[in-house]
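> Next come the chains, spelled out residue by residue.
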Amino acid sequence: MLVDIEIDAREQTPSWIAYGTPLFAIAAALAVSVVALVAIGVNPIAAYVEMFLRPFGTVATISNVLVRATPLILVGLGVYLPMKAGLWNIGAEGQLLAGAIVGTWIAINVTLPQLLVIPVILLGSAIAGGLWAFIPAWLRAKWGISEIITTLLFTFIAADIQLYLVRGPMQGGSGGFPQTELLPAAAEFPAIPGTRAHVGLLVALLIVVLVYVSMNRTRFGFRVNFVGSNADAAEQAGMSRYRVYLLTLVAGGALAGLAGISEIAGNQSRLHASFAPGYGYTAVPIALLGRNGVFRMLLAALFFALLFVGGNRVTVAMEVPSAIIDIVQALVILFLITAEFFQRYRLSVSIGRRDDGRSIRGSEVTTDD
Amino acid sequence: MSRKKLTRRNAIRSAGVLGALGLAGCSQLSGGGGGDGDQLQAAFVYQTNLGDVGWTRAHENGRLAVDDSFDWITTEYSDGVPGNEVRSVFEQYANSGYDIVYGCTTEYQDPMLQVAEEYPDVTFEHCNGFETAENMGRYMGKFYQGWYLCGVAAGHLTESDTLGMVVPIPIPQIIRQINAFTVGARAVNEDATTKVRFLNGWADPSGARQAVNALADEGADAIGSNMVTPAALQAATEREAYNFGVNTSMAEQAGEYYATAQINNWEPFYKQSAKDVRNGEWTADSLWGGLETGIVDIDDFGPKVPDDVVSDVETKRSEIENGERSVWTGTKFEGWSDAELFSDVGSYVEGVEGSVPSS
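Here the protein sequences come in this chain order: H and Y.
Heads up: the first sequence begins at 1 in the working numbering, then just goes up one per residue.
Heads up: the second sequence begins at 1001 in the working numbering, then just goes up one per residue.
These aren't lab readings, by the way, just hints derived from the structure by calculation.
Just so it is clear, CB atoms sit at the ideal spot from N, CA and C, and this is done for glycine as well.
Please note that the accuracy of each hint is not assured.
[Said to hold, decoys possible] A few chain Y residues that face chain H, going by a derived Cβ cut-off under 7 Å, partial list only:
1. 1049
2. 1079
3. 1080
4. 1084
5. 1089
6. 1110
7. 1130
8. 1132
9. 1172
[Stated by the list, open to error] Derived Cβ-Cβ restraints for the label pairs, each shown as a range:
10. Y:1355 x H:58: 46 to 56 Å
11. H:219 x Y:1206: 44 to 54 Å
12. Y:1276 x H:299: 45 to 55 Å
13. H:219 x Y:1095: 45 to 55 Å
14. Y:1355 x H:299: 46 to 56 Å
15. Y:1240 x H:299: 57 to 67 Å
16. H:182 x Y:1095: 20 to 30 Å
17. Y:1238 x H:172: 20 to 30 Å
18. H:186 x Y:1114: 12 to 22 Å
19. H:342 x Y:1052: 36 to 46 Å
[As the list claims (entries may be wrong)] Heads up, incomplete: computed chain Y residues facing chain H, CB under 8 Å, no partners named:
20. 1085
21. 1092
22. 1170
23. 1200
With the hints as constraints, model all of the structure from the sequences given.
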């Protein structure tokens, strides 16, 4: 007996698949995770209620999700935008650090009224993040050097500079710990009244809308999408791949830089040696899940925030080691990314002899296409 | 591990609350940690995932000791909570009726201050910071004293008079320990010098291994590691260099050239603090306790360490405990206050090669 597996790209994704697969993937991942939870003697239903429902319990718990989501939305955009042009900004973490460093420096050293200083901080961080992405962007646009490698390597440079600064020139607070002074009150992002979420969230949502408009309603967005789907054809059509690559990657860096400062000025109040536990890397699956539209990316960022906040809730409420929660989170991400594949490709499996009519039909369809 | 914890906790509950009636089964049914009666609830929050050795394990050993010793306390922990996510974890514990929350890493300080203000009836304790509040104390050990004793042993054991130290980052806490290790060695061997390798991280097994090999290549035959991983010690044993670990015993992993380790023994502190809260005697202290408090300790010596070395270390230990000996006598830090020693140690004592990076 033979098993034939045919993989065809879908011309169009039916809407029930587009909306159904993520939900199905999450459900499947949670079903598999039951094994890990039961193995340590934890009631999986109770754990999932704690993880996915309780975070919506009060304004305070919803705030926690939004606070967590804010940098993820911004840095997610920082990966999403270059991805639309076919580039992989794997090193968003480095651009985030650059933004955090420069933003913190401005916040501590520039004294202005709050209404002025916050825009200056935001601008400074965006420029820093954009500059950090510029060299990899230029190398890619001009010489075709893989941005995957260069952005990643630039992350290590940024991390070492950050470590040097927080224990050297920017070190502050007593105890000699590797961290800066607390930000002055004027530089702290004000909270949205009644919540703990801060203006960084509003900035992030505004940028989501801006990105939506520019990707769908402007010539620039059309070019980015064209270059992203077929760069050679775009060149033939007279578009500048060079400009698109440079602009999207630098803009992505600027957004990642904003993520860095929004986490510090909105949440942590000072720059620590270990302030960003991998947001820049988390941004890659976020952008992947949301690759079909910026609002889906927004949803993905919110969902990741829920995963993190809910995961912490489980370790507090039940006797679950964080390693088990890591497994659950990883499985959810893995299943979601895998489900993406099925949205874009059709799989037809046929079991039987090779000359069976059915299995031939699959290949007939592809050749006819 | 978790199952063992459950069993033990149920056992405690049944022994302490319902044991005489033999209603352990009922207590299991009614379980769930509601703040019933005068049962004290304490939460421990850790930054890294709980492993077999290291900083977090040392705190966990303290928690387990408290849990085992008192039937009037219930403890719980959360591990792997980064500093930027810890605020919601503190809030959740405070909301669930916990009486004490221990934050076991430096980076928890600012969020803990904020949450402490929101929950004035909950007691907070922060490890290794510099801020306190009315309901938030801070605690840390003078671990450099343990490193001094390790240094005494290293000074005796070295034949090349070259010591090595593999350390994470150049901050006062670490510089103090490098200095104390060297001062201890030179107290018994005035020719001893220390070579230092920074790794820019707290757990970097392959980097630690490379650094140890580089130190051994340069002649170091007694090597201290301030890394959370036992890899450095294993590498040292492979090179037949005596080695010294940190935080918890690493005897099982380190191999035959294991000398000892500087141990963080939080048990006495956690017990006292829990008792104080229970008796209503708790105040927001700033504790920086040394050998005399029991918080600072060293591990049992490894098989290759001769008895006369052990007994000399024991002598010096009791001298420090009695106040007859000070680590910093005769060094540039002689006469420094605890506050200065805590914050401002930014350079090496005589006998450490090179200078502190970026100072």
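> The structure should be examined with respect to each hint, and the outcome stated for every one.
Results of checking the hints against the structure:
1. 1049: holds (5 Å)
2. 1079: Where the cut-off is 7 Å and the nearest Cβ of chain H is about 5 Å from residue 1079 of chain Y, the hint holds.
3. 1080: holds (3 Å)
4. 1084: With a minimum Cβ separation of about 6 Å from chain H (threshold 7 Å), the hint on residue 1084 of chain Y holds.
5. 1089: Check passed: Cβ of residue 1089 of chain Y comes within 5 Å of chain H, closer than 7 Å.
6. 1110: The hint holds - residue 1110 of chain Y has a Cβ within 7 Å of chain H, the shortest such distance being about 6 Å.
7. 1130: Holds: closest Cβ of chain H sits about 4 Å from residue 1130 of chain Y, inside 7 Å.
8. 1132: This interface hint is violated because 12 Å lies over the 7 Å limit.
9. 1172: Holds, about 4 Å.
10. Y:1355 x H:58: 46 to 56 Å: Check passed, 53 Å falls within 46 to 56 Å.
11. H:219 x Y:1206: 44 to 54 Å: holds (50 Å)
12. Y:1276 x H:299: 45 to 55 Å: holds (48 Å)
13. H:219 x Y:1095: 45 to 55 Å: Holds: the Cβ-Cβ distance is about 52 Å, inside 45 to 55 Å.
14. Y:1355 x H:299: 46 to 56 Å: Since the Cβ atoms of residue 1355 of chain Y and residue 299 of chain H sit about 52 Å apart, the hinted range of 46 to 56 Å holds.
15. Y:1240 x H:299: 57 to 67 Å: holds (58 Å)
16. H:182 x Y:1095: 20 to 30 Å: holds (26 Å)
17. Y:1238 x H:172: 20 to 30 Å: violated (42 Å)
18. H:186 x Y:1114: 12 to 22 Å: holds (18 Å)
19. H:342 x Y:1052: 36 to 46 Å: Holds: the Cβ-Cβ distance is about 41 Å, inside 36 to 46 Å.
20. 1085: Constraint on residue 1085 of chain Y satisfied, holds at 6 Å.
21. 1092: Status holds, d = 5 Å.
22. 1170: holds (6 Å)
23. 1200: Holds, about 6 Å.
Taken one by one, the earlier hints fail for this structure at numbers 8, 17, listed in ascending order.
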